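Protein chains: 2
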Amino acid sequence: MIIVKNVYLNGQTVDVLIKGNRFEKIGTGIKEDEAQVMDASGKAILPTFCNMHTHASMMFLRGVGEDLALFDWLQKEIWPREAKLTPEAIYYFSKFAILEMIRTGTTAFLDMYFYPEASIKAVDEMGVRSVLTYCGMDNFDEAKTKKEIENAEKFLSLKMPSQKVQKGLSCHAVYTVSEKLIKTFKQMARDEGLLFNMHLSETKKEVEDCLAKYGKRPGKLLSDWNVLDEKTILAHSVHLDDEEIRLIKKAKSVVVNNPISNLKLNSGQMPLQRYSDEGLRVTLGTDGVASNNNLSMIDEMKVAALSAKSKADDCLAAKVGSIFEVATANGFEALGINAGKIKEGYLADFMLVDLNNFALIPCENLISNMVYAADSSCIKDVFCDGKCLMKNGHINGEEEIIRDFKRACKELH
Amino acid sequence: MIIVKNVYLNGQTVDVLIKGNRFEKIGTGIKEDEAQVMDASGKAILPTFCNMHTHASMMFLRGVGEDLALFDWLQKEIWPREAKLTPEAIYYFSKFAILEMIRTGTTAFLDMYFYPEASIKAVDEMGVRSVLTYCGMDNFDEAKTKKEIENAEKFLSLKMPSQKVQKGLSCHAVYTVSEKLIKTFKQMARDEGLLFNMHLSETKKEVEDCLAKYGKRPGKLLSDWNVLDEKTILAHSVHLDDEEIRLIKKAKSVVVNNPISNLKLNSGQMPLQRYSDEGLRVTLGTDGVASNNNLSMIDEMKVAALSAKSKADDCLAAKVGSIFEVATANGFEALGINAGKIKEGYLADFMLVDLNNFALIPCENLISNMVYAADSSCIKDVFCDGKCLMKNGHINGEEEIIRDFKRACKELH
Numbered sequence: 024m025i026i027v028k029n030v031y032l033n034g035q036t037v038d039v040l041i042k043g044n045r046f047e048k049i050g051t052g053i054k055e056d057e058a059q060v061m062d063a064s065g066k067a068i069l070p071t072f073c074n075m076h077t078h079a080s081m082m083f084l085r086g087v088g089e090d091l092a093l094f095d096w097l098q099k100e101i102w103p104r105e106a107k108l109t110p111e112a113i114y115y116f117s118k119f120a121i122l123e124m125i126r127t128g129t130t131a132f133l134d135m136y137f138y139p140e141a142s143i144k145a146v147d148e149m150g151v152r153s154v155l156t157y158c159g160m161d162n163f164d165e166a167k168t169k170k171e172i173e174n175a176e177k178f179l180s181l182k183m184p185s186q187k188v189q190k191g192l193s194c195h196a197v198y199t200v201s202e203k204l205i206k207t208f209k210q211m212a213r214d215e216g217l218l219f220n221m222h223l224s225e226t227k228k229e230v231e232d233c234l235a236k237y238g239k240r241p242g243k244l245l246s247d248w249n250v251l252d253e254k255t256i257l258a259h260s261v262h263l264d265d266e267e268i269r270l271i272k273k274a275k276s277v278v279v280n281n282p283i284s285n286l287k288l289n290s291g292q293m294p295l296q297r298y299s300d301e302g303l304r305v306t307l308g309t310d311g312v313a314s315n316n317n318l319s320m321i322d323e324m325k326v327a328a329l330s331a332k333s334k335a336d337d338c339l340a341a342k343v344g345s346i347f348e349v350a351t352a353n354g355f356e357a358l359g360i361n362a363g364k365i366k367e368g369y370l371a372d373f374m375l376v377d378l379n380n381f382a383l384i385p386c387e388n389l390i391s392n393m394v395y396a397a398d399s400s401c402i403k404d405v406f407c408d409g410k411c412l413m414k415n416g417h418i419n420g421e422e423e424i425i426r427d428f429k430r431a432c433k434e435l436h
Numbered sequence: 024m025i026i027v028k029n030v031y032l033n034g035q036t037v038d039v040l041i042k043g044n045r046f047e048k049i050g051t052g053i054k055e056d057e058a059q060v061m062d063a064s065g066k067a068i069l070p071t072f073c074n075m076h077t078h079a080s081m082m083f084l085r086g087v088g089e090d091l092a093l094f095d096w097l098q099k100e101i102w103p104r105e106a107k108l109t110p111e112a113i114y115y116f117s118k119f120a121i122l123e124m125i126r127t128g129t130t131a132f133l134d135m136y137f138y139p140e141a142s143i144k145a146v147d148e149m150g151v152r153s154v155l156t157y158c159g160m161d162n163f164d165e166a167k168t169k170k171e172i173e174n175a176e177k178f179l180s181l182k183m184p185s186q187k188v189q190k191g192l193s194c195h196a197v198y199t200v201s202e203k204l205i206k207t208f209k210q211m212a213r214d215e216g217l218l219f220n221m222h223l224s225e226t227k228k229e230v231e232d233c234l235a236k237y238g239k240r241p242g243k244l245l246s247d248w249n250v251l252d253e254k255t256i257l258a259h260s261v262h263l264d265d266e267e268i269r270l271i272k273k274a275k276s277v278v279v280n281n282p283i284s285n286l287k288l289n290s291g292q293m294p295l296q297r298y299s300d301e302g303l304r305v306t307l308g309t310d311g312v313a314s315n316n317n318l319s320m321i322d323e324m325k326v327a328a329l330s331a332k333s334k335a336d337d338c339l340a341a342k343v344g345s346i347f348e349v350a351t352a353n354g355f356e357a358l359g360i361n362a363g364k365i366k367e368g369y370l371a372d373f374m375l376v377d378l379n380n381f382a383l384i385p386c387e388n389l390i391s392n393m394v395y396a397a398d399s400s401c402i403k404d405v406f407c408d409g410k411c412l413m414k415n416g417h418i419n420g421e422e423e424i425i426r427d428f429k430r431a432c433k434e435l436h
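Line by line, the protein sequences give chains A and B.
Using this note's numbering, read the first sequence as starting at 24 and increasing by one per residue.
Using this note's numbering, read the second sequence as starting at 24 and increasing by one per residue.
In case anyone wonders, no lab produced these hints; they're calculated from the structure.
Just so we're clear, the structure is a prediction, and the values are computed from it rather than from any experiment.
Chain copies aren't distinguished; within one or between two, either way the pair holds.
In silico SDA-like cross-links for lysine to any residue, where the CA-CA straight-line distance does not exceed 25 Å:
no., residue 1, residue 2
1, 433, 390
2, 342, 289
3, 433, 377
4, 433, 379
5, 99, 388
6, 99, 390
7, 48, 415
8, 403, 417
9, 227, 337
10, 414, 50
11, 429, 62
12, 228, 339
13, 334, 289
14, 334, 96
15, 167, 203
16, 99, 386
17, 403, 377
18, 99, 385
19, 228, 335
20, 342, 97
21, 433, 423
22, 227, 335
23, 403, 425
24, 228, 334
25, 227, 98
26, 228, 337
27, 144, 385
Between the sequences and the hints, there should be enough to build the whole structure, so can you do that?
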C-alpha cells in the first residue's frame, strides 16, 4: 500500500491511497499503518497518457534522412536499415522507446512494428502496459498471405508475462494487404477477443487508389468486409466521408488522431471536433518517431488542439478538457483497461507533476497548462499498475538502456 | 575568458574560447592559461533563440479563461486583470517570463506590452537581450494620440542600463491606431535609428476592415504611409497578397511567424516557405502566453515546420535547417545583434544541450532533433553575451523569482 500525501487534485489537496494496483481511497487525512507514505506536496496527480498508435521501435530512425523526398528517404536511409533489423535490436529499441514514454508520462501504448515478440520482454521489464500486435502485410502475394497467417498464429500462441502485456493483430493498410489477409486476421482476433488494428485513410492517395481498385472508399471497404467492430482500431482516419463516419460510429470502432505525423507528411488534418461531435470514439497517438519525431503525448495534445481548431475553422473547437481526455481516458477505454482517471477503483496509472515547474505557473487551469504549456520537465514521478517507474525524475537502469540502444543503432549502419 | 572544452559542434568535437562577450576561437586543443575551463563532454553547442514577437509579461494570463469565447474571455477574465496592472507587477512578470525563456534557450526578445519601462530592470537583472518597445494604441481618439506621443517621448528619453537592453516603438495595429500615430511613431523611431514594430494582417477580418475603411490592405497601407523599411518588424503577417509581399520585400522589412498563436486563435497560417522563397526576412516568435501558452521557441519551431508544410501543401517545405535559422540567426540579424551563430567573432549567445537526453538520441541530425524532438529538458547551460545564465540546469534566484511572480499574480485577482 502507498499513500500519496498532500497531492493536488482538481483544485484540492488530498491523500490518495493505492492498494495493490488500484486507487483504493481518495480523501483527506488518510491513515494506514502499513502503507508507505510518499509526500507529494507541491505536486499534482494526473492520469498518464495512452499512446494509441505508434511504432515504438522506430527510435533508431529519429532524424534519419530528415527532409529527403519520400523515395530517397525510403531507398537510401530507411529500407537498408530496416533490412538489418533483428529481434535483439527490436528489444533494445523498444526499451529505449518506453524510457521516452515514461519520461513523457505515457504508461500504455498500442504498437505495430516488426518482431513484436521481441518487444514483449522490453514492455515487461519496463513495467508499462502495451498491446503488441503482429502486423500483416502481404502485398497481395498469396504465398505471403499464407506465411503471414502462420506468423500470426505463432505470435498468438505466445504466452504473455503479465496482464499488462496484451496481444493483438494488425494489418498495415488496404493498399498493402489483401482482402483475404485482412478478413482472416480480423477473424482470428475476433475469435480470441483481441484488438485488431489498421492504418486507415491516412492520405488522399490511399482513398483515390482504393476507389480505383475496389470502387469504394477504405472505410466502406472495411465495413463491407465485416472488419469494423468495437475492437477495431483505425489509425489516422484523416479522410472519411459522411457514410464512413456513420459506419464507424455504428460499429463503435475507434479512430486514432495522429496530428503531428499527418502534418509532417502533409497527409491532411483529421476533423477531430466533428468526429467527437458525431460521437466517434476518438483517441490520440504519436505514430513512430520517423514522422514526429518523438513519442511525447504532450506535444501531440498541443498540436491536436491547434490542428483541430484550424480544421474546424473555430478557435473554440478542441477544448483542453476534451483533448486531455482523448489523450488519457479515451485511449485506456479503447484498450479495455480500467485506467485514465484518478478515481477510486481505477487502476493506479498516474503521474505527479511539479507545480513549481515554470510551465505550470500560474496554475489557473492545470489541464490547459498540460495541453499547451508543459513538457517532460514537468513530470517527476510516473506510476503504472501501482508501481513506481520514475521517482523524482529518476528511472532505474536509464544509463544502461541508453548505452544498449546506441550500440544497437550502430549495428544497423 | 572561458574555454568550453570537448563540445560537439557540427559533427566534430572542439574547444570554444570565449573572450569577453565574443567567440574568440573555435578549434581543437585550445589552451589559455588565464581561461576558466568548462568541460562540455557529452554536450553540443548551439546558438540560442531570438523570440521576435512576444508580450512577455502576459505570463499572469497563462491558462486564464481558456476556451472561453473571445468577448467573454476579454471582458470577464483579461480586462479586469489588465486594469489592475502596475509597473511593479510588470517587473515581476517580466522576470518570470525571462526565466522561462532561459530555460527554453532564448536569450533575446522583441517585446510589446504595458509599462515597458518596468521591464528594463528585469531584462538587465536576468542578463538577456531585449528590444523593449513602447506600444501606442490611440483607438482613433486625438486626445489619446497626443498622450501616446508624450508617453513615447518619455520612454525614449530613458537611459538603458546596457547595450543589451534596447528601446523601440510599437503601434498595436491598423485597426486600433490612427494614421497620425503610426506615422509619428515610425518617424520618431527612424530619427533615433530604432526598430518599429506592429501587428500586421493577423486575421482576415483585419484585412477586410482595412479594405472597407481605407480602400487598401494593411500592408499596402503601411507602404503608402512610408512605414516600411529595414527597421520595421511586422508580427503575424499571415494574410499578405502578392503586392504586399513585393512591397515588404523591397523595403526589407521583417515578418515574424507566430504559428502557434495563429492556429490557436484560428487566424490562419503564414505561408512560411513561400515568404522564404520570395526572399522576405522571416523570423519566429511565440506571441504572448495567453495564445500559446508558453514562450518555448522549441515548441514554436516544431509547429512552424508542421504548419508551413501544410500551408505549402508540400512535406518537403520548411526543412529543419531553415527553420532553425529562422528561429536563431534570422532573429538576431533583424534586431541588429551579431549573434545566432557559433562562429568566431560572433557574440557569445549559446546553449549547451545534453546529448544523453532521450530526445536527442540518436544524434543522426542534431538540428532535426532540436526542431522536432527536443524540449526544455535537453537544455543544460545558457550563455548570453559571454555570461552564464543557467549552469547545469540551475538559474540563480529561480525560487525567489517564482515566489515573487506568484504573489504579484494574486494581487491582480
